[in-house]
Amino acid sequence: MRMKRDFTKNWQIYVMILPVLLYFLVFSYLPMAGIVIAFQKFSPALGIWKSPFIGLKNFRDFFGSYYCGRLIGNTLLLSTTTLVFAFPCPVILALLLNEVYNKIYKKAVQTISYLPYFISMVVICGLIKNFTASDGFVTQIVAALGGEKRNLLADPALFRPIYVVSDIWKNVGFNSIIYLAALSGVNQELYEAAAIDGAGRWKQTIHVTLPGIAPTVIIMLILALGGLFNVGFEKVILLYNSMTMETADVIQSFVYRKGLTDANFGYSTAVGLFNSVINTILLLTANRISRRVTETSLF
Amino acid sequence: MYRRNVAYRIFSIINYLFLGLLMVVCLLPVVHVLFSSISDPALLKVHTGLVAWPLGKPTLKGYEIVLSNSRIARSYMNTLFYVAASTALGVFLTMMGGYVLSRKSFLLKKPIMVFITFTMMFNGGLIPFYLVVKGLGWLDTPFAVIVPGCLSVFNIVLMRTAMMGISDSLYESAVLDGAGHFTCFIRIAAPLSKPTIAAIVLFSAVAQWNSWFQAMIFLKNRKLFPLQLVVREILVENNTTSVTSGADVTSGALSQNLYKYLVQYSTVIVTILPIICIYPFLQKYFVNGIMVGSLKE
Numbered sequence: 001m002r003m004k005r006d007f008t009k010n011w012q013i014y015v016m017i018l019p020v021l022l023y024f025l026v027f028s029y030l031p032m033a034g035i036v037i038a039f040q041k042f043s044p045a046l047g048i049w050k051s052p053f054i055g056l057k058n059f060r061d062f063f064g065s066y067y068c069g070r071l072i073g074n075t076l077l078l079s080t081t082t083l084v085f086a087f088p089c090p091v092i093l094a095l096l097l098n099e100v101y102n103k104i105y106k107k108a109v110q111t112i113s114y115l116p117y118f119i120s121m122v123v124i125c126g127l128i129k130n131f132t133a134s135d136g137f138v139t140q141i142v143a144a145l146g147g148e149k150r151n152l153l154a155d156p157a158l159f160r161p162i163y164v165v166s167d168i169w170k171n172v173g174f175n176s177i178i179y180l181a182a183l184s185g186v187n188q189e190l191y192e193a194a195a196i197d198g199a200g201r202w203k204q205t206i207h208v209t210l211p212g213i214a215p216t217v218i219i220m221l222i223l224a225l226g227g228l229f230n231v232g233f234e235k236v237i238l239l240y241n242s243m244t245m246e247t248a249d250v251i252q253s254f255v256y257r258k259g260l261t262d263a264n265f266g267y268s269t270a271v272g273l274f275n276s277v278i279n280t281i282l283l284l285t286a287n288r289i290s291r292r293v294t295e296t297s298l299f
Numbered sequence: 001m002y003r004r005n006v007a008y009r010i011f012s013i014i015n016y017l018f019l020g021l022l023m024v025v026c027l028l029p030v031v032h033v034l035f036s037s038i039s040d041p042a043l044l045k046v047h048t049g050l051v052a053w054p055l056g057k058p059t060l061k062g063y064e065i066v067l068s069n070s071r072i073a074r075s076y077m078n079t080l081f082y083v084a085a086s087t088a089l090g091v092f093l094t095m096m097g098g099y100v101l102s103r104k105s106f107l108l109k110k111p112i113m114v115f116i117t118f119t120m121m122f123n124g125g126l127i128p129f130y131l132v133v134k135g136l137g138w139l140d141t142p143f144a145v146i147v148p149g150c151l152s153v154f155n156i157v158l159m160r161t162a163m164m165g166i167s168d169s170l171y172e173s174a175v176l177d178g179a180g181h182f183t184c185f186i187r188i189a190a191p192l193s194k195p196t197i198a199a200i201v202l203f204s205a206v207a208q209w210n211s212w213f214q215a216m217i218f219l220k221n222r223k224l225f226p227l228q229l230v231v232r233e234i235l236v237e238n239n240t241t242s243v244t245s246g247a248d249v250t251s252g253a254l255s256q257n258l259y260k261y262l263v264q265y266s267t268v269i270v271t272i273l274p275i276i277c278i279y280p281f282l283q284k285y286f287v288n289g290i291m292v293g294s295l296k297e
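First to last, the sequence lines map onto chains B and V. Using our numbering, you'd call the opening residue of the first sequence number 1 and step up by one each time. Using our numbering, you'd call the opening residue of the second sequence number 1 and step up by one each time.
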């Protein structure tokens with residue numbers, strides 16, 4: 001009754017929200033309903049209504065297959081390596097930038113380090129390929145340091161280092177922004193008080209700066225942990241090749257290949273669902289921990 | 001005080017040098033590409049290692065080939081169209097969503113907020129998403145690139161937060177003058193949240209300019225390809241034949257081979273140039289954009 005009265009009075013607001021709801025209904029909730037094909041022997045000809053149900057067979061096939069362990073291992077290794085090496089970099093960059101007192105120099109470092117973030121993944125991967133080819137300039141540097149001249153992207157052992165280093169290059173500047181914002185929020189009086197107590201800059205950093213930005217660092221870390229199963233698979237698809245599958249192939253690139261290249265829809269949806277469920281669990285756990293630890297949370 | 005300290009001065013010098021090195025590392029690949037793209041093709045072909053200065057006599061041949069190539073030109077126009085359409089649609093919907101969810105009096109605010117934010121926590125995955133777009137009959141149509149993904153929960157929340165900062169008294173006096181929600185939205189909410197709208201426009205446009213995956217899975221017709229897909233072919237799959245063979249340079253395998261690298265580098269520059277020109281102006285929006293991430297009430 002109240003609804004109805006509100007609707008007659010405020011019908012315009014309902015008209016405005018309608019397309020937004022429709023968007024999410026079609027592009028987010030319909031695909032969720034489409035998950036049923038994970039339990040089907042889906043064939044495009046029969047469609048979602050007529051394809052036969054086969055219970056958990058798709059899941060059994062995946063968990064029993066050779067790929068399962070390899071994909072989960074690769075996904076976790078790639079994301080944890082990225083986390084371990086790439087996560088601290090923007091924090092350190094922000095701390096170093098905080099010690100730069102020449103405004104123009106600081107601005108220049110910031111602007112230029114943001115640049116790689118805005119270059120498209122396709123171009124970045126194309127350049128990685130070009131630079132790590134047997135005559136590329138990164139290969140030259142590696143060769144000068146005692147390596148041999150060869151196509152670096154053909155070596156499975158080098159896939160993760162290449163992925164992580166390029167990730168740092170692309171994101172370090174942009175990701176430092178949030179820490180710089182946190183740094184500017186640290187109470188200046190604390191520095192003065194520490195200085196009066198005889199603390200040098202190093203001590204001030206340890207006792208004032210770091211505790212000041214700790215909440216931001218912690219929430220970013222927790223969010224990163226929540227995304228551990230969510231690897232940047234676009235980059236993987238652009239960079240991997242038949243020689244590096246054993247280290248490069250992650251769950252989502254497998255889902256893409258099985259589903260859209262091999263048209264194995266049901267199986268691929270099942271693998272994707274497995275990944276989505278883990279993602280959700282990790283995200284919610286991370287969110288809960290974040291709320292406990294820092295009193296900030298995403299949801 | 002500490003700034004006069006010897007140890008701090010030494011640290012400071014090392015710090016400035018290190019950050020200088022960082023700038024070089026960030027710029028080097030771009031510089032390499034820029035100088036390679038205007039190098040002498042014959043020298044470039046045999047050159048290995050970094051190109052820190054144009055090799056031989058600078059030439060614009062690469063750009064001539066790239067810009068006169070009908071496939072690249074077409075994909076460039078496609079990308080411009082996709083960027084404009086997707087950004088316009090996405091930002092318009094984001095503004096409406098943000099406005100509605102910012103009105104305290106709106107009865108369904110809570111459930112709709114839950115409805116929208118739940119999509120951040122769980123999704124149906126790639127294949128069901130693909131099948132939905134296919135079911136709409138959008139495969140191989142511009143819609144597949146423009147509509148799905150034009151709207152993001154994050155941006156709606158950003159918009160809503162900006163619009164919640166607008167004083168209620170403005171709305172009240174407008175309503176007294178007989179204004180409905182449409183008028184409030186167009187006359188009050190939209191003009192007063194211009195900075196946030198600008199930020200969302202710029203970020204959506206950059207994201208759409210750089211996107212390729214959706215186009216790859218949904219488009220088979222080469223005439224609809226956005227720039228990034230053509231770049232992927234030229235650069236990642238290392239296949240320049242379709243570009244060099246169509247050019248008005250002396251045809252044949254020899255010249256294709258000769259111009260291959262030049263074409264690759266020129267294409268990169270043509271692709272990233274608009275972004276490089278825009279991104280410094282986005283900077284002032286960065287912090288706001290990142291900080292307003294909290295979805296809580």
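Please note: incorrect hints may appear among the correct ones.
[Said to hold, decoys possible] In silico DSS-like cross-links for lysine-lysine, where the CA-CA straight-line distance does not exceed 27 Å:
(1) V:Lys-57 x V:Lys-45
(2) B:Lys-106 x V:Lys-284
(3) B:Lys-103 x V:Lys-110
(4) V:Lys-45 x V:Lys-104
(5) V:Lys-110 x B:Lys-4
(6) B:Lys-107 x V:Lys-45
[Claimed, not checked] Coverage of chain V stretches by chain B, computed from C-beta distances (three or more under 8 Å per stretch; other residues unrestricted):
(7) 4-18
(8) 43-51
(9) 59-71
(10) 154-167
(11) 268-275
Hint data in this document are derived by calculation from the structure and do not stem from the laboratory. All residues carry an ideal CB built from backbone N, CA and C; glycine is no exception.
* Taken at face value, is the distance from the CA of Lys-45 of chain V to the CA of Lys-57 of chain V at most 27 Å? -> OK: Lys-57 of chain V and Lys-45 of chain V at ~14 Å, within 27 Å.
* Residue count check for the region 59-71 of chain V against chain B: does it reach three with CB-CB under 8 Å? -> violated (count 0)
* Please work out if Lys-107 of chain B and Lys-45 of chain V have their alpha carbons no farther apart than 27 Å. => 37 Å, violated
* **Restraint check for Lys-110 of chain V with Lys-4 of chain B, where alpha carbons must lie at most 27 Å apart** => 17 Å, holds
* To do: Given that the region 154-167 of chain V was listed as covered by chain B, double-check it with a C-beta distance under 8 Å for 3 or more residues.
  => violated (count 1)
* Asked: Mind checking, does the region 43-51 of chain V have 3 or more residues with a CB under 8 Å from chain B?
  -> Holds: 4 residues of the region 43-51 of chain V have a Cβ under 8 Å from chain B.
* Taken at face value, is the distance from the CA of Lys-104 of chain V to the CA of Lys-45 of chain V at most 27 Å? -> Roughly 65 Å between the alpha carbons, so the hint for Lys-45 of chain V and Lys-104 of chain V is violated.
* Asked: Does Lys-103 of chain B pair with Lys-110 of chain V here, judged by a C-alpha cut-off of 27 Å?
  -> 45 Å, violated
* Asked: Taking a Cβ-Cβ distance under 8 Å as contact, does the region 4-18 of chain V have three or more residues in contact with chain B?
  -> holds (count 8)
* Taking a Cβ-Cβ distance under 8 Å as contact, does the region 268-275 of chain V have three or more residues in contact with chain B? -> Holds, because 4 residues of the region 268-275 of chain V bring their Cβ atoms closer than 8 Å to Cβ atoms of chain B.
* Asked: Within a Cα-Cα threshold of 27 Å, do Lys-106 of chain B and Lys-284 of chain V meet the stated pairing?
  -> 15 Å, holds
Hint compliance for this structure: hints 3, 4, 6, 9, 10 are not met, and every other hint is.
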